[in-house]
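Novice: Below are the chains, spelled out letter by letter.
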Amino acid sequence: MIVRGKVFKYGDNVDTDVIIPARYLNTSDPQALARHCMEDIDPAFAGSVQPGDVIVARSNFGCGSSREHAPIAIKASGIACVIAASFARIFYRNSINIGLAILECPEAAEKIEAGDQIALDFDSGVIQNITKNEQYQAQPFPPFIKNIIRHNGLLNAIKNGGTNNE
Amino acid sequence: MGMTMTQKILADHAGLPSVIAGQLINAKVDFVLGNDITGPVAIQEFNRSGFTEVFDPQRIALVMDHFAPNKDIKAAEQCKMCRDFAGLKNLQHFYDVGEMGIEHALLPEKGLVASGELIIGADSHTCTYGALGAFSTGVGSTDLAAAMATGKVWFKVPPAIKFVITGKLQPDVSGKDVILHIIGMLGVDGALYQSMEFCGSGLANLTMDDRLAMANMAIEAGAKNGIFEVDDVTREYMKGRVQREYKVFYADDDAAYSRVIPIDLSGIEPTVAFPHLPENVRTPKDFGDIPIDQVVIGSCTNGRLSDIRIAAEIMKGRKVAKGVRVIIIPATQAIYKEAMQLGYLETLLDAGCAISTPTCGPCLGGHMGILAQGERCVATTNRNFVGRMGHTQSEIYLASPAVAAASAITGKLTAPGQLKEVSI
Numbered sequence: 001m002i003v004r005g006k007v008f009k010y011g012d013n014v015d016t017d018v019i020i021p022a023r024y025l026n027t028s029d030p031q032a033l034a035r036h037c038m039e040d041i042d043p044a045f046a047g048s049v050q051p052g053d054v055i056v057a058r059s060n061f062g063c064g065s066s067r068e069h070a071p072i073a074i075k076a077s078g079i080a081c082v083i084a085a086s087f088a089r090i091f092y093r094n095s096i097n098i099g100l101a102i103l104e105c106p107e108a109a110e111k112i113e114a115g116d117q118i119a120l121d122f123d124s125g126v127i128q129n130i131t132k133n134e135q136y137q138a139q140p141f142p143p144f145i146k147n148i149i150r151h152n153g154l155l156n157a158i159k160n161g162g163t164n165n166e
Numbered sequence: 001m002g003m004t005m006t007q008k009i010l011a012d013h014a015g016l017p018s019v020i021a022g023q024l025i026n027a028k029v030d031f032v033l034g035n036d037i038t039g040p041v042a043i044q045e046f047n048r049s050g051f052t053e054v055f056d057p058q059r060i061a062l063v064m065d066h067f068a069p070n071k072d073i074k075a076a077e078q079c080k081m082c083r084d085f086a087g088l089k090n091l092q093h094f095y096d097v098g099e100m101g102i103e104h105a106l107l108p109e110k111g112l113v114a115s116g117e118l119i120i121g122a123d124s125h126t127c128t129y130g131a132l133g134a135f136s137t138g139v140g141s142t143d144l145a146a147a148m149a150t151g152k153v154w155f156k157v158p159p160a161i162k163f164v165i166t167g168k169l170q171p172d173v174s175g176k177d178v179i180l181h182i183i184g185m186l187g188v189d190g191a192l193y194q195s196m197e198f199c200g201s202g203l204a205n206l207t208m209d210d211r212l213a214m215a216n217m218a219i220e221a222g223a224k225n226g227i228f229e230v231d232d233v234t235r236e237y238m239k240g241r242v243q244r245e246y247k248v249f250y251a252d253d254d255a256a257y258s259r260v261i262p263i264d265l266s267g268i269e270p271t272v273a274f275p276h277l278p279e280n281v282r283t284p285k286d287f288g289d290i291p292i293d294q295v296v297i298g299s300c301t302n303g304r305l306s307d308i309r310i311a312a313e314i315m316k317g318r319k320v321a322k323g324v325r326v327i328i329i330p331a332t333q334a335i336y337k338e339a340m341q342l343g344y345l346e347t348l349l350d351a352g353c354a355i356s357t358p359t360c361g362p363c364l365g366g367h368m369g370i371l372a373q374g375e376r377c378v379a380t381t382n383r384n385f386v387g388r389m390g391h392t393q394s395e396i397y398l399a400s401p402a403v404a405a406a407s408a409i410t411g412k413l414t415a416p417g418q419l420k421e422v423s424i
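So the protein lines, in turn, are chains X and D. Position 139 (the first sequence) corresponds to 139 in my numbering; numbering is contiguous. Position 10 (the second sequence) corresponds to 10 in my numbering; numbering is contiguous.
Hints should not be assumed to be uniformly reliable.
Unchecked claim - Here are the simulated DSS-like pairs of lysine-lysine, each with C-alpha atoms no more than 25 Å apart in a straight line:
| no. | chain 1 | residue 1 | chain 2 | residue 2 |
| --- | --- | --- | --- | --- |
| 1 | X | Lys146 | D | Lys156 |
| 2 | D | Lys28 | D | Lys156 |
| 3 | D | Lys74 | X | Lys75 |
Simulated from the structure, these hints should not be mistaken for lab results. Bear in mind the structure is a predicted one, so any value in this text is a computation, not a measurement.
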C-alpha cells in the first residue's frame, strides 16, 4: 500500500487525552469522535485534515489511557498513517488491531516538519519526504503483526485462523 | 537463561517451557475486564465479527464505573449496552451502580484476580493487579473482544527493569510517593514495553494498598506491567478473598534485566507530579506557593480504605480552607461502608468534604468535579495531562492522600509536615 499526503507534526508524549478528550467518550461513533480528534492539542486539526494526510510525532505517541477511541478517531479523521519515534504500547496494539497504519522511525520523526509532503510504502517501510527530497527507513513489522495488518485487524485475522503463531 | 516473574507467568499461560524477551506468544487469559467506555466498543466488535458465545461467562467482568452513575443520556446508553450484553451472555461478574466500585479496586477486593494469573483489561490501569503477583496489563477494546471470544491474547514478551526495595517509609509517605519518585526517575516512557519487577527486603514494609497504588501507575512510566514478588503480605490479603488454588512464580537468579534500580524507601519524601506530566515530580522544598481550587481523593490509584483513613486523620478537627472544594470518592461500596463504620466519613463531612459514590468520574474529566479555566486541583489520581480533568488551561497536581488532605486544609499545595508546622 502506498500513501501520499501532508504532515501534521507533534512533539513527545502526545497522550490519548489530547487525541480524544474523555468528555467525548460517551460515544463510540467513529465520525463523531473524528470531529474532536486532537482538539486539546491542535484545535485546527479536525477542520483541516484531508484523507491521506499523515501524523508525525516524536517519542511515546499515544501514552495514557487504553481508549481505542484514540486510534479510531485518528483513522476516521482520514489520517492514513502515524509515524513516531516510538509509540506507547497500548496505542501500538490498538492501532494494529483496528487497522490504523503506524510506523516507528526515529529519523523521520526528527527530520519531517509540519506541512511536508511525504509518500509511504508500507511493504518496504520506506518513507519519502517529497518536500525535502529525503528518504527514511522505518522498522519493519514482524510477520505475526504483518499478518494482522494483512487481515485488516485482529478479529478478521482470528476469524481466518491467522493469529496462531505457536 | 533464567526468566523474570512476568516471563514465567507468560510461559505458563502460553504452554511453553520458557520464553525470552521479544518472543511473540499466544497466551491463555484467566480473567478479562471491560468498563462502560471500553465495553461498548468491544461488544460492537464482538457482534460485528459474528462471534456468538463468550469463552467463559465466569471469567469476564464488566464494571460500570467511568461515567456511572450515568452522567448523561449517551453514558446511560453505553451502560445499557453492557448490561444487555451481560444478561444475554450470562456474565457472572457484571457490576452496576449499587454493587460496583472502581474496577481496579473492586477486582482484587472480590478475589477475582490472584497471584500467578494472567489478566487483561480494556483499561490502562489494569496493571494494578501486579501488586498480587499476577501478570496484568491494559489492552484496547478489540483485544477485549478477541479475548471474550477466544480466551486468548497475543503478547510480545517484555524485558524487565528490576527494583530492589530496601528500608522503611517515613511517616506521611506512602506507595503513591514511591511510584511518583520512580516515574520522576524513569520518565513517562522510561519503562516503555518493559515490565517493572519489584522485590527486596523492603517489600515487607509496604502494605497491599501501597503496592496496589504502585503497580497501578506502572503504565505512567510506559510499562507493560508492574509486578511484586509474593510474600506474607500478599498471602494474607488473598486469604479469604481468593477461594481457588493459585500459583506463585519467583524470578530465576540468572534472569536478565535491562536495568537494576535500588530504591531505599527511607529516603523518599512526599512527592508531587506537577502539570502536565507524571514525571514532573517535586518534593516539598520545591513546592513553591500553589493556591488550589479543588482536591480529589479517590480513583483506582488511591481510593482505598487506608487512603480515606489517612485523609480523615489529617482532617480530624480541622476545616477545609475557604474556597477549596474537596471531593472524597471511596473506590468501592465495601470501602465506603467500612469508612462509614469507622467514622472516617463523618470526620471528612465535618471538615467540609463532599463524599461521592464510587466512580472514576473526575479523574478522567468525565463528571463529578470538572475544572474550569485556570483552576488548580491536587488529586490522588494518576494522570495530569493537559485537559485531563477539564479545561485545557486547568492544572492537576498528582499527590498522595496525605498531601491532598494537608493541601485541602491550607488551600495551597502542602506536605503533611508543613501542615504540622502551621498548626504549632
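Novice: Indicate, hint by hint, whether the structure satisfies it.
Specialist: Okay, the hints, checked on the actual structure:
no.: 1; hint: X:Lys146 <-> D:Lys156; in the structure: 14 Å, holds
no.: 2; hint: D:Lys28 <-> D:Lys156; in the structure: 14 Å, holds
no.: 3; hint: D:Lys74 <-> X:Lys75; in the structure: 22 Å, holds
Checked against the numbered hints above, the structure violates none of them.
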